[in-house]
Amino acid sequence: DAKTTQPTSMDCAEGRAANLPCNHSTISGNEYVYWYRQIHSQGPQYIIHGLKNNETNEMASLIITEDRKSSTLILPHATLRDTAVYYCIVRVTNDYKLSFGAGTTVTVRA
Amino acid sequence: NAGVTQTPKFQVLKTGQSMTLQCAQDMNHNSMYWYRQDPGMGLRLIYYSASEGTTDKGEVPNGYNVSRLNKREFSLRLESAAPSQTSVYFCASSVIGANQETQYFGPGTRLLVL
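Top line first, the protein sequences correspond to chains A and B. Just so you know, the first sequence maps onto residues 5 to 114 in the numbering used here. Just so you know, the second sequence maps onto residues 70 to 183 in the numbering used here.
Think of the hints as simulated: they come from the structure by calculation, not from any bench. Note that the structure is a prediction, hence the values are computed from the model and not measured. Heads up, a few of these hints could be off.
A short, non-exhaustive set of chain A residues, derived as facing chain B with CB atoms under 7 Å [claimed, not checked]:
(1) Cys-16
(2) Ala-17
(3) Pro-48
(4) Tyr-50
(5) Gly-54
(6) Tyr-100
(7) Lys-101
(8) Gly-105
Think of the CB as a built atom: it goes at the ideal place given N, C-alpha and C, for glycine as much as any other residue.
The task is simple: from the sequences and hints, build the whole structure.
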C-alpha cells in the first residue's frame with residue numbers, strides 16, 4: 005500500500021469548514037483513498053472513500069487532485085462532536101488490510 | 070442490529086495468564102479482523118479472516134492465536150500474556166465488494182497486563 009502523509013494536528017472553529025489534507029504521492033492506479041476517524045476511546049468509523057472522482061456523502065466531501073497524489077477531506081460545518089483523529093489510508097480493492105498511520109488530530113473549538 | 074460487539078470491555082491480567090477476547094458481528098459480513106492500538110499510535114493488524122474457515126497473519130501476530138468459530142464470531146487468544154500486550158484491542162468486520170470495502174469496528178477491549 006502507498007504511504008500517506010498527514011499533518012499531526014489542526015484546529016477548526018465550530019461551524020466552519022474543516023479541510024484535512026493528505027499526501028499520497030506514490031499511490032498506484034488501482035489504489036483507493038479511504039478516510040476513517042476515531043473519536044476518543046471509540047473504534048474507528050468509516051467516513052468516505054474514492055478513486056479519482058470527487059465524492060460526497062452525508063458526512064463529508066473528498067477532493068482528489070487530478071494526478072491523485074494528494075487529497076482533501078472536507079467537513080462542511082464542523083461541530084464539537086467532530087473532534088477526533090482522522091486517518092487517510094490508501095489501499096488496493098480486495099486487499100484485506102487497512103494500514104493506519106498516526107492520523108491528524110482535529111480539535112473543533114467553540 | 071448491534072453491529073460488532075466485543076467482550077470483555079476491560080480486563081486485567083498477570084504476566085503468564087491466558088485469556089480469549091470474543092468478537093461477534095450480526096451484519097453477515099464475510100471478513101473479520103483483530104487490531105491492537107497502543108497509546109498515541111494508529112491501529113496495527115494482528116490477524117484477519119477473509120472468510121469462514123480461513124485466517125491469516127497481519128502485521129503483529131506474535132503472541133496471539135485466532136479462531137474463526139463461524140461466520141459471526143472471531144476470537145483472539147493470548148496464551149501467555151506479557152506486559153507488551155497491554156493495549157486496546159479492536160475487532161472489525163467487512164464485506165469486500167468490487168470497488169469498496171468498509172470496515173465496521175467494535176467498541177474495543179482494554180487490556181492491562183501486569
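Interface hint status, Tyr-100 (chain A) versus chain B (Cβ within 7 Å): 5 Å, holds
Gly-54 (chain A) was flagged as interface toward chain B. Is the shortest Cβ-Cβ separation under 7 Å? 10 Å, violated
Does the CB of Gly-105 (chain A) sit less than 7 Å away from some CB of chain B? 5 Å, holds
Using Cβ atoms only, decide whether Ala-17 (chain A) comes closer than 7 Å to chain B, and label the hint accordingly. 26 Å, violated
Supplied contact hint for Lys-101 (chain A), tested at 7 Å Cβ to chain B: 6 Å, holds
Hint validation: Cys-16 (chain A) versus chain B, beta carbon distance must be below 7 Å. Holds or violated? 21 Å, violated
Would the hint on Pro-48 (chain A) be counted as holding, given a Cβ-Cβ threshold of 7 Å to chain B? With Cβ-Cβ at 5 Å, under 7 Å, it holds.
Hint check, Tyr-50 (chain A) versus chain B [nearest Cβ-Cβ separation less than 7 Å]: The hint holds - Tyr-50 (chain A) has a Cβ within 7 Å of chain B, the shortest such distance being about 5 Å.
Checked against the numbered hints given earlier, the structure breaks hints 1, 2, 5 and satisfies all the rest.
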